[in-house]
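**Student:** Sequence:
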Amino acid sequence: MKLNKILSIACGLAIVAGLSACTDETTYSPAAPENTDGVYFPTSVDPDIYLMENQTEFTLTIARENTAEAITVPLASNADAALFTVPASVNFAAGEASAEVTVGVDFSAIEANKPYEFAIKVSPDYATSYGIATLGVTVQYSPWSDWERIGENSDYGTYTYSIMLGASEPSPVYIRQSLTDQSIYQYMVKDLTLMNNSDSPYNLIIEYNKATKVVTVPVVYANYMTQYNEVLRCSDGYHYNEINPRYFGGSLTPEQLLSMNSFDEENGLFSLYMAYFINAGCFGDGYEYLQLPGYTHEEVNVTLNGQYITPSGESQQVFNIMMSEGISETLYKVYDGKADEAQAEAYANGLLDDENASRISASSNVAVTLEDGDYTIVVAGINSTGEMLAWNYLTFDYSSNAVDPNEGWTSLGDVLYGEDYIAGLYGIEVTNYVIEAQSNDETAGLYRLVDPYGEAWPFQSAFLSQGLLEYTAAHNYLEFMLLGGDYALVVNTEMNFSLEGDPVAMGSIAYNNIAGGKPLQDQIDAGLMGKFENNVMTMPVKSLIQWLGAQGYYGNINGGFQINFAPDEEEEEEAAYSMKNLKKFASAVRKASVNRIDVRRAAEARKSMVIDNKTWFDYRGNKISAVKITL
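Number 306 in our numbering belongs to position 272 of the sequence shown; there are no gaps in the numbering.
Any given hint could turn out to be false.
[Stated by the list, open to error] Calculated pairs, EDC-like style, for lysine to aspartate or glutamate (alpha carbon to alpha carbon, straight line, at most 20 angstroms): (1) LYS247 <-> GLU300; (2) LYS576 <-> ASP602; (3) LYS244 <-> GLU299; (4) LYS367 <-> ASP388; (5) LYS247 <-> GLU299; (6) LYS244 <-> GLU300; (7) LYS552 <-> ASP159; (8) LYS155 <-> ASP80; (9) LYS244 <-> GLU289; (10) LYS565 <-> ASP520; (11) LYS155 <-> GLU91; (12) LYS367 <-> GLU405; (13) LYS576 <-> GLU463; (14) LYS148 <-> ASP82.
Hints are computed from structural coordinates only; laboratory data are not their basis. What you are looking at is a predicted structure, and each value in this text was computed from that prediction instead of being measured.
Between the sequences and the hints, there should be enough to build the whole structure, so can you do that?
**Tutor:** Structure below.
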């Protein structure tokens, strides 16, 4: 197995600066907590059902958040009753978090290669608004020949990823032919592992129509979790037609998306424009390649692979450069203007003696900073002696693709934030300072603080100067909810920065427990819920939770956490005065940082803060074993 790490590119958004005005009074509409059993279809359920010969039923997993009592959940479906028998309800035993929905099939009436689509809906009286309450199902029977391996057992293809920054791995490749349309072939890339650290290999299916030259990749579950949801992969054309056409916003037609995939039969090379998504929301796409075994040739290829916005707000164009195994290095450079083929070839020859040319030693993504305009990127693959084996080029128009990070949120003006997460962790002073708050446009009662650990945080410069703080995105946010009955709680939120190299997440024990299926009333009875009174949100002492890497710590140790929506003049003056004392803060942080490096590793001095054996849940109630936490 081979893993080439070239350039770490994170998904980012351009910074769009916005000015917020202070307001004297704000009207809030707290959301009422859900009062259902929280029934939903997990994201790990595969909605694409491929029937075997004479298969008469299939099952779908359904889950719930509240497992206290036995319940019968009504189901509705628009399935053709002559073909499919969908039960009218599903039963959960007391304490049971999941159950199976068994759908009957009249196989004798099923037509080969015809997709049958229908939906199964959970009764709204039982469903959660945070999960999949209506599952769209596609059922298909497609007879094929047996799988046959390409080459001998010692022959492997090479699969190159895009979202993993050019990483590639060898894989056995199998082929089969449709028995109903002999121009259609499927290739199976078997036992891929790089996305999931080899824990659970998966197979990728590529479908190729030899007559039409159309290449598609149906949805595959990669046995990999991100943001605590199962990652799905497919070609962009399939994503457009079968998953979510709105993702592309009409910028590309289905035909254009399909044409982005290709198969070079002469050289045995698949070029696949792949989408990575969770449910219907695509979070990444780019070119990937499968080199079939048994072919030897030298080739370089370059494609656009989106834009990257750095944490500082700089926009860069990302390219994916693919190089075949026989090439030792690839030189590349971006030139002004759109070159024709003759000019591009001259550029390629000139790269061999160009000291300013960049180079890579394996297929990868690369990022280049550009101004708006027309450009040509030229790539030249060379062997170990510097001889050029192959070259290629791409002309393109560039304009920075800035996205407003405030989209979907409305500013409420400034609030006074009392920081008692990091303060308690490092033993420094609890500080109140002014930052912006926003309300979510779709979810009533959901709010967030904007950059609570950005420039407004009085300790920022001290932490940066000590090398303790590193940002991984342009902005950081802390989300919270104001509920009915003046109750409040902090939402589990990934903070987009790290301390001493560990990713930071913040939340509250009450929210974590509710997400794990425990009743809201239990959190109220246990005194873990926050309060929203007189325009001030507070949380009980040690009711907050923060994670650095895999280790959890209590927050609000000092009881200083607050979000004050209407501070009086005295409170504002006190905050302004404290923010001027940066030298004192910097000294405190320097002193604390020495303690932290020594003490945190031993975990003795922080024994009262460490949360041992605490299961962390995401918003669907799924257990989390990874580092990041998100809503």
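**Student:** Decide, hint by hint, whether the structure agrees.
**Tutor:** Status of the hints after comparison with the structure:
1. LYS247 <-> GLU300: With Cα atoms ~13 angstroms apart, LYS247 and GLU300 stay inside 20 angstroms; holds.
2. LYS576 <-> ASP602: Violated, at about 27 angstroms.
3. LYS244 <-> GLU299: 10 angstroms, holds
4. LYS367 <-> ASP388: 9 angstroms, holds
5. LYS247 <-> GLU299: Within the cut-off at roughly 10 angstroms; holds.
6. LYS244 <-> GLU300: Measuring from Cα to Cα gives roughly 13 angstroms; hence the hint holds.
7. LYS552 <-> ASP159: 19 angstroms, holds
8. LYS155 <-> ASP80: 16 angstroms, holds
9. LYS244 <-> GLU289: Distance ~17 angstroms between LYS244 and GLU289 Cα, so the pair holds.
10. LYS565 <-> ASP520: 6 angstroms, holds
11. LYS155 <-> GLU91: 19 angstroms, holds
12. LYS367 <-> GLU405: Distance of about 15 angstroms is within 20 angstroms: holds.
13. LYS576 <-> GLU463: 16 angstroms, holds
14. LYS148 <-> ASP82: Given pair LYS148, ASP82 holds - Cα atoms ~13 angstroms apart, limit 20 angstroms.
Checked against the numbered hints above, the structure breaks only hint 2 and satisfies the rest.
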